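Generate coordinates for the entire structure from the input sequences, incorporating the hints supplied.
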Amino acid sequence: MIVRLQTADFDPEQEAQALKVRGAGARVSFVGTVRDLSGNETVKALDIEHYPEMTQAEIERIAVAAQARHRLLDVLVIHRYGHIPCDQRIVLVTVWATHREDAFAGCQEIIDLLKTRAPFWKKELTPTGGHWVPGHSTEV
Amino acid sequence: MVTVRCFAAMREALGHDTLRFAVPEGCHTAGDILAFVTNDCQKDLPKPLLVAINQEHAALNSPIRDGDEIAFFPPVSGG
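If you read the protein sequences in the order shown, they are chains A and B. The first sequence begins at 1 in the numbering used here and counts up by one. The second sequence begins at 1 in the numbering used here and counts up by one.
It is possible that some hints are incorrect.
Pairwise CB distance ranges (calculated) [to be verified]:
id, chain 1, residue 1, chain 2, residue 2, range
1, A, 9, B, 59, 30 to 40 Å
2, A, 136, B, 18, 19 to 29 Å
3, B, 3, A, 82, 15 to 25 Å
4, A, 61, B, 66, 45 to 55 Å
Calculated from the structure, these hints are not laboratory results. Quick caveat, the model's predicted, so the values are computed rather than measured. Backbone N, C-alpha and C fix where the C-beta goes; we use that ideal spot for every residue, glycine too.
Below, the structure written as structure tokens:
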């Protein structure tokens with residue numbers, strides 16, 4: 001399992017090819033990108049803040065649980081932070097499994113939980129200024 | 001001593017990202033610490049507000065101990 005947080009862009013295919021996963025009959029990837037529109041407003045870029053000491057551990061907890069639940073052979077998560085211009089990649093989740101059902105379910109679970117539990121906050125930068133993107137998680 | 005970390009809109013409202021202080025008398029939970037650090041805050045705090053203790057999600061009524069790192073932040077928006 002690899003979980004990596006970085007400011008730099010990444011190449012999803014190159015990252016996935018770098019892992020040699022034995023026994024895998026399915027590989028599913030999700031790539032999240034910066035939207036160029038928020039409602040009717042143009043988005044120039046995102047500033048992504050995170051809680052460095054917690055983010056890595058939280059994503060690893062999510063990935064370990066999904067790996068066990070969906071019999072995933074391996075998991076790769078890359079999430080960027082800092083300033084990211086529109087249309088650029090933000091996040092990559094790639095999972096490997098013996099069969100496609102587990103790969104689809106595992107990938108979806110990881111990205112869904114990442115959105116509600118991993119401590120990232122996005123600020124959209126628009127021509128009228130910057131504003132925080134409403135979060136997904138509910139009050140504990 | 002406890003360390004309080006604030007992120008995103010909570011950091012902006014409070015005007016601090018990190019605070020360190022001895023556990024005030026009568027503070028037993030994360031909610032007590034929140035009330036202590038926001039006592040003089042003139043700005044609206046983000047709602048809802050989430051809590052982590054020692055880098056794990058927690059609740060406002062979670063107990064705190066000397067040496068803890070307590071973080072307050074708005075709902076997360078990664079991915």
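Hints, verified against the model:
no.	hint	result
1	9/A / 59/B: 30 to 40 Å	holds, 37 Å
2	136/A / 18/B: 19 to 29 Å	holds, 25 Å
3	3/B / 82/A: 15 to 25 Å	holds, 23 Å
4	61/A / 66/B: 45 to 55 Å	violated, 26 Å
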